[in-house]
Amino acid sequence: MLAGISLTRKNIGAIIIIVSLFIFVLSYFYMDTVKKLDAQLHKDCDLPDEICPFKKNIPPEAAVGFIAGALTGFFGLFLFVSSPKEEGEVTERLKRTKAILSKLDTDEKKIYDMVAESGGIFQSEVVEKSGMSKVKITRLLDRLESKGVVERKRRGMTNIVVVKQ
Numbered sequence: 015m016l017a018g019i020s021l022t023r024k025n026i027g028a029i030i031i032i033v034s035l036f037i038f039v040l041s042y043f044y045m046d047t048v049k050k051l052d053a054q055l056h057k058d059c060d061l062p063d064e065i066c067p068f069k070k071n072i073p074p075e076a077a078v079g080f081i082a083g084a085l086t087g088f089f090g091l092f093l094f095v096s097s098p099k100e101e102g103e104v105t106e107r108l109k110r111t112k113a114i115l116s117k118l119d120t121d122e123k124k125i126y127d128m129v130a131e132s133g134g135i136f137q138s139e140v141v142e143k144s145g146m147s148k149v150k151i152t153r154l155l156d157r158l159e160s161k162g163v164v165e166r167k168r169r170g171m172t173n174i175v176v177v178k179q
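Counted from 1, the sequence shown has number 125 at position 111 by my numbering; the numbering is strictly sequential.
If you're looking for bench data, these hints aren't it; they were derived computationally from the structure.
Straight line, CA to CA, 27 Å or less: simulated DSS-like cross-link-like pairs of lysine-lysine:
{"#": "1", "residue 1": "124", "residue 2": "167"}
{"#": "2", "residue 1": "161", "residue 2": "117"}
{"#": "3", "residue 1": "178", "residue 2": "161"}
{"#": "4", "residue 1": "109", "residue 2": "167"}
{"#": "5", "residue 1": "167", "residue 2": "123"}
{"#": "6", "residue 1": "143", "residue 2": "178"}
{"#": "7", "residue 1": "109", "residue 2": "123"}
{"#": "8", "residue 1": "123", "residue 2": "150"}
{"#": "9", "residue 1": "143", "residue 2": "117"}
{"#": "10", "residue 1": "161", "residue 2": "123"}
{"#": "11", "residue 1": "112", "residue 2": "167"}
{"#": "12", "residue 1": "161", "residue 2": "124"}
{"#": "13", "residue 1": "148", "residue 2": "178"}
{"#": "14", "residue 1": "178", "residue 2": "117"}
{"#": "15", "residue 1": "124", "residue 2": "178"}
{"#": "16", "residue 1": "112", "residue 2": "150"}
{"#": "17", "residue 1": "112", "residue 2": "178"}
{"#": "18", "residue 1": "24", "residue 2": "112"}
{"#": "19", "residue 1": "150", "residue 2": "161"}
{"#": "20", "residue 1": "123", "residue 2": "112"}
{"#": "21", "residue 1": "124", "residue 2": "150"}
{"#": "22", "residue 1": "167", "residue 2": "117"}
{"#": "23", "residue 1": "167", "residue 2": "178"}
{"#": "24", "residue 1": "167", "residue 2": "143"}
{"#": "25", "residue 1": "161", "residue 2": "143"}
{"#": "26", "residue 1": "148", "residue 2": "123"}
{"#": "27", "residue 1": "150", "residue 2": "167"}
{"#": "28", "residue 1": "109", "residue 2": "178"}
{"#": "29", "residue 1": "161", "residue 2": "112"}
{"#": "30", "residue 1": "148", "residue 2": "167"}
{"#": "31", "residue 1": "123", "residue 2": "178"}
{"#": "32", "residue 1": "143", "residue 2": "124"}
{"#": "33", "residue 1": "112", "residue 2": "143"}
{"#": "34", "residue 1": "150", "residue 2": "117"}
{"#": "35", "residue 1": "123", "residue 2": "143"}
{"#": "36", "residue 1": "112", "residue 2": "124"}
{"#": "37", "residue 1": "109", "residue 2": "24"}
{"#": "38", "residue 1": "150", "residue 2": "178"}
{"#": "39", "residue 1": "124", "residue 2": "148"}
{"#": "40", "residue 1": "161", "residue 2": "148"}
Turn these sequences into a full structure, and let the hints steer you where they fit.
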């Protein structure tokens, strides 16, 4: 979160739309300035308008700017309007996980925090660091796994415990 603005897909789309509008404005002012300068510099030009390279309607650089602004704007609009299911699913999963974590007992919370803090920890390390028996840790991890907050992954003769995504 930056200065109170959460970077959701909709907010990113709005930011991109603002950037595209800025590109349009810059392209317009560039085009206007070039046309005024061309008119001033070539007011005495004897060539017909269709032949004179300085009497074109839109300078190529401004046209590229308008196209870039349009493409950027469409992309921003797509992000702003689309509402993917994944965001809702992730939010729902986070709510469920928070609800589960709030109901953990002291020992379960201690083990969960240890796993979450490390990112991934061997089950034997959990036993050593917690000071609890091997059997108690196994039972606590069984409960945490059944609640869906941690996961044990078999690595050779031992397990690595990770927070479930």
